[in-house]
Amino acid sequence: MKMVTESEWEVNVPDKQLKDKVYFENLKSVVIDTEMCSRCLTCAAICPGGITVVNNKVDFPDYETKCLDCGACVRVCPRFVYEPKSGLGDYIEFTAGRSKRFAGQDGAMVTEFIVSAMEMGLIDRGLFAGRDENWATEMFHVRDSEQLTITTLGGTKYTFADVLPELKKAVMFTKSGVGVIGTPCIVSGIRKLQQEFPIFREKVKLVVGLFCTENFHYDDISNFLKAKGVDFSKLVKTDITKGKFISTMTDGKVKFKVTEAEDIVASGCNVCTDFTAVESDASCGSVGSAKGFSTVVVRTEVAKKVIEFIRAKGHADFGDADPAQLDFLIGHKKKRAENIKR
Amino acid sequence: MEEVINELMGTIMSNQLNIPALQPVLDSVSQLPVVGLLISFILWKPVFALLICPGLSTVGILLLFFPWVERKLCGRIQWRVGPREIVPWLGGLIQLLADTLRFLFQEVIVHKDAHRPYFLQFAFLSFIAALLPLLFLNAGNVIAIETPYAIQAMLALVCLFPFFILGLGWASNSRFAYIGTVREAFMYFAYEISFIIAVIAMVVLYGTSNPLEMADKPWGLILNPIAAFTFFVGAAMATSRMPFEIAEADQEVAAGPHVEYSGIAFGLIYVMCYEKAYILAGLMTVLFLGGGSGPDIPGITPLLGNDLMGIVWFLIKTIIVLTTLFVLRTIYPRYRLDQGLNIGWGAMITLSLIALALSIVLVQGGIVL
Amino acid sequence: MKKVTVPEQSTVEKAVRHAAAIGVAVKESVYPLTATVQYPRQRKKMPDNFRGYILFDPEKCINCWECAFICPANAIRMKEAPNKKYYPTIDYGRCIFCHFCIDSCSGGALRATKIHDVAYKDMDEMLTLTEEMIEPPEIIREDKKLVEYQIDEKDLRLKKTREEDNLIVEKAPPPVEIQMVSQCIDRASCIGCHVCEHVCESGAISSSIANGVMRMKIDTDTCTGCGLCVKECSMQILTLVRK
Numbered sequence: 007m008k009m010v011t012e013s014e015w016e017v018n019v020p021d022k023q024l025k026d027k028v029y030f031e032n033l034k035s036v037v038i039d040t041e042m043c044s045r046c047l048t049c050a051a052i053c054p055g056g057i058t059v060v061n062n063k064v065d066f067p068d069y070e071t072k073c074l075d076c077g078a079c080v081r082v083c084p085r086f087v088y089e090p091k092s093g094l095g096d097y098i099e100f101t102a103g104r105s106k107r108f109a110g111q112d113g114a115m116v117t118e119f120i121v122s123a124m125e126m127g128l129i130d131r132g133l134f135a136g137r138d139e140n141w142a143t144e145m146f147h148v149r150d151s152e153q154l155t156i157t158t159l160g161g162t163k164y165t166f167a168d169v170l171p172e173l174k175k176a177v178m179f180t181k182s183g184v185g186v187i188g189t190p191c192i193v194s195g196i197r198k199l200q201q202e203f204p205i206f207r208e209k210v211k212l213v214v215g216l217f218c219t220e221n222f223h224y225d226d227i228s229n230f231l232k233a234k235g236v237d238f239s240k241l242v243k244t245d246i247t248k249g250k251f252i253s254t255m256t257d258g259k260v261k262f263k264v265t266e267a268e269d270i271v272a273s274g275c276n277v278c279t280d281f282t283a284v285e286s287d288a289s290c291g292s293v294g295s296a297k298g299f300s301t302v303v304v305r306t307e308v309a310k311k312v313i314e315f316i317r318a319k320g321h322a323d324f325g326d327a328d329p330a331q332l333d334f335l336i337g338h339k340k341k342r343a344e345n346i347k348r
Numbered sequence: 214m215e216e217v218i219n220e221l222m223g224t225i226m227s228n229q230l231n232i233p234a235l236q237p238v239l240d241s242v243s244q245l246p247v248v249g250l251l252i253s254f255i256l257w258k259p260v261f262a263l264l265i266c267p268g269l270s271t272v273g274i275l276l277l278f279f280p281w282v283e284r285k286l287c288g289r290i291q292w293r294v295g296p297r298e299i300v301p302w303l304g305g306l307i308q309l310l311a312d313t314l315r316f317l318f319q320e321v322i323v324h325k326d327a328h329r330p331y332f333l334q335f336a337f338l339s340f341i342a343a344l345l346p347l348l349f350l351n352a353g354n355v356i357a358i359e360t361p362y363a364i365q366a367m368l369a370l371v372c373l374f375p376f377f378i379l380g381l382g383w384a385s386n387s388r389f390a391y392i393g394t395v396r397e398a399f400m401y402f403a404y405e406i407s408f409i410i411a412v413i414a415m416v417v418l419y420g421t422s423n424p425l426e427m428a429d430k431p432w433g434l435i436l437n438p439i440a441a442f443t444f445f446v447g448a449a450m451a452t453s454r455m456p457f458e459i460a461e462a463d464q465e466v467a468a469g470p471h472v473e474y475s476g477i478a479f480g481l482i483y484v485m486c487y488e489k490a491y492i493l494a495g496l497m498t499v500l501f502l503g504g505g506s507g508p509d510i511p512g513i514t515p516l517l518g519n520d521l522m523g524i525v526w527f528l529i530k531t532i533i534v535l536t537t538l539f540v541l542r543t544i545y546p547r548y549r550l551d552q553g554l555n556i557g558w559g560a561m562i563t564l565s566l567i568a569l570a571l572s573i574v575l576v577q578g579g580i581v582l
Numbered sequence: 556m557k558k559v560t561v562p563e564q565s566t567v568e569k570a571v572r573h574a575a576a577i578g579v580a581v582k583e584s585v586y587p588l589t590a591t592v593q594y595p596r597q598r599k600k601m602p603d604n605f606r607g608y609i610l611f612d613p614e615k616c617i618n619c620w621e622c623a624f625i626c627p628a629n630a631i632r633m634k635e636a637p638n639k640k641y642y643p644t645i646d647y648g649r650c651i652f653c654h655f656c657i658d659s660c661s662g663g664a665l666r667a668t669k670i671h672d673v674a675y676k677d678m679d680e681m682l683t684l685t686e687e688m689i690e691p692p693e694i695i696r697e698d699k700k701l702v703e704y705q706i707d708e709k710d711l712r713l714k715k716t717r718e719e720d721n722l723i724v725e726k727a728p729p730p731v732e733i734q735m736v737s738q739c740i741d742r743a744s745c746i747g748c749h750v751c752e753h754v755c756e757s758g759a760i761s762s763s764i765a766n767g768v769m770r771m772k773i774d775t776d777t778c779t780g781c782g783l784c785v786k787e788c789s790m791q792i793l794t795l796v797r798k
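Residue numbers (the working numbering), protein chains in the order written: chain A, 7 to 348; chain B, 214 to 582; chain C, 556 to 798.
Keep in mind the hints are simulated off the structure, nothing from the lab.
Treat the hints with care, since some could be wrong.
Listed next, the stretches of chain C that the computed footprint assigns to chain A, with coverage defined by at least 3 CB atoms under 8 Å from CB atoms of chain A [said to hold, decoys possible]:
hint	segment
1	569-582
2	708-721
3	737-744
4	760-770
5	789-795
Here a beta-carbon is modelled for each residue, glycine too, at the ideal position from N, C-alpha and C.
Generate coordinates for the entire structure from the input sequences, incorporating the hints supplied.
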């Protein structure tokens, strides 16, 4: 393949609101200090060096001297110029599925999507979040379905995972493409990246979104759960269904109402109106389908091809899904638009 | 008692080797008491044949220098230099002497599983057994045992060779020696028959099996070339020369009959091959190349006398045959065992039968020799 | 799977081939072409770019340490000399005679010779100090003849002359240099971080802002092709191409 090589090129430089400050300070003042930051880490992914998470907050230590003032963070942040998405979004197919070969939160359809895309040759790796023995998240590049015998890769984590910095690394390494899973804020960040920089359009081939109401910082949620009597060494699964947070351990369950954990909800989630990840290629979640099944919202042609592949190979059982069941939570999140300060 | 001695002396004196050049010296020396007796004893033709030519001395000198000739010549053809480090200005001439010394100093290891008496005895016995056909080989007029059945006797003794190889391998009592021996035996038995039939063809053609009488007849090479070819190939096989070096080659020694031998035992076995080659070359000369006959060279023949000239011609022809036999290794690659056996039981027997038929036809057709 | 079979030949062809083989043997026994070089009495003539022992000229050394860095076998150690400068020492036990050090020597202090047969009594002697590298190593020249292989289309001939090969090559053949320059392969993915500009040692990459548009430029004439910008680019969109 012949490369087009250039000696000269142009870079779009975004506007600065604070003209005499570096771009990170602009980002900080617009997004981070106003508590709109969703911790999607798109800025950290694109920053040539510096932006990271400090004490559960996105920050850049020594930014006054170290920020290279390139403006990339400001270009890719989905909340710098915030256009909140909401509702069910456009879709080609609305169905429920249960994978025959993987076990996950509900029907393991997210895992099935990524693995089937790998088997189709669409992507050569998928980014999964696993967890260590303390239930903190760590990112994995899955390149073969055999790696999914690590069962901690499946299942909802209910805390932040550093998907986007890992995605940047994967994009540098991959040959045929990357598949990625994320909450609606992460999906928005990926779409912003793809809008600004062609390399992400080329290499990120499949984006699977998750239904999401809110997320928690790791320190906050682990202390909260421990206070409620959850033993992390015995914890098997965490679930939020019908307003209840259920932690299943090997020797019992701890249940409490989700509203009890209101105070520790991450601040950026309070301004998020997107429940179903409308910008993804396909969205998956538990609401809208029977127990043991995952609701699958197929939105783009790419996702359609993958689900046809799954159907053809018989990797999953399919059932009915009811869009009406999502209305309550969609409405619940739409209300958060009021929290957005302009 | 006196009559016996007189009779003995008579026999000895009557059958002396005649060398005109040395005659004056011999006349004066024979007057001396013991030395004269010794000299006339040595010059008695049978003893001369056994001791000097074509007997032990010739064999000894040939064994000492012929491998050097072979290695140098083959090296020359193969674009390399043969041995040259031992005495560089002589071109490594005494290489074999050095080798023999080395073998003498090396320890003869008789391993635990070997059948000790046979192991050691066969090594020496085979050397001796290989020399037996010399009794019937003639170099011109000189022959050890004169009998009308000399060729058949030689043939019988030549066919003894394989048994000693088998004995070597069997006495070694080891897996690899066993395999090698069996392969060697296969090859031998495959070629014996065609070999024998080729010799018989010549005997039929000449009408006699007394080698002394064959010398004056036309050359067998011209009369019956097929028999010559078959004999030559059989000889190449019997001495384990290329292209039949199957069980004795350098790469195959580890699975050959000689694998368990070291020291002087190995040395003797190693030179046995050259011995056999000499004997078979001698046989070929007698049968096909006219034995000791040759044209008279004006200046030298009167000097040396007929007897010695016969010996000289015999030696020249034998050396030519030997050289050809040894140069064969530079031309042909080694056959695989099954290919070799195929040829032996197939093409060779056919050819030898054709040779026999040719001989019969020639005799019947009126070429009486 | 293809089965290999013996090619079919008529008897006449076979006989001709046998005769040819015997003919070759006869010819070679009479007039052979001996390919043996009887070292040490004869020496083969090595070409001028033969990679042998390495000589050093301290006057030209600029202390850049490139030879030590580039040596793939880690044979070159820099040792401090009394004049506070560092000079290379070569461990010939490790040296693989690749001559990367000579190629990379910026001052031209290291040069090659054709000497290849130095014998050592023990491993410690193989650590050649700088002082020992200035003069060529001592070898005993036993050779009386020089053998040159002359190869034409059909044959190999050995020309033996009574000469001595000069083992110290005075003039090395000039190396062929290929100029590489840095280029951007995905312009639109540039995030404008200026890392390439900061890292460039020769100042070949520059940027300018006009009307809210930033323009990046690589000056291919100034670019030395060192590859630092390619390594440091945060989006990995620079690469080296031939000029």
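Okay, the hints, checked on the actual structure:
Figure legend: the segment 569-582 of chain C, annotated as covered by chain A; annotation inconsistent (0 residues with Cβ-Cβ distances under 8 Å, at least 3 required). Remark: the segment 708-721 of chain C is not confirmed as covered by chain A, as 0 of its residues place a Cβ nearer than 8 Å to a Cβ of that chain, below the required three. Counting residues of the segment 737-744 of chain C whose beta carbon lies closer than 8 Å to any beta carbon of chain A gives 7, which meets the minimum of three for the stated coverage. Requiring three or more residues with a Cβ within less than 8 Å of a Cβ of chain A, the coverage given for the segment 760-770 of chain C holds, as 5 such residues are present.
Coverage of the segment 789-795 of chain C by chain A holds [criterion: at least 3 residues with CB-CB distance below 8 Å; count 5].
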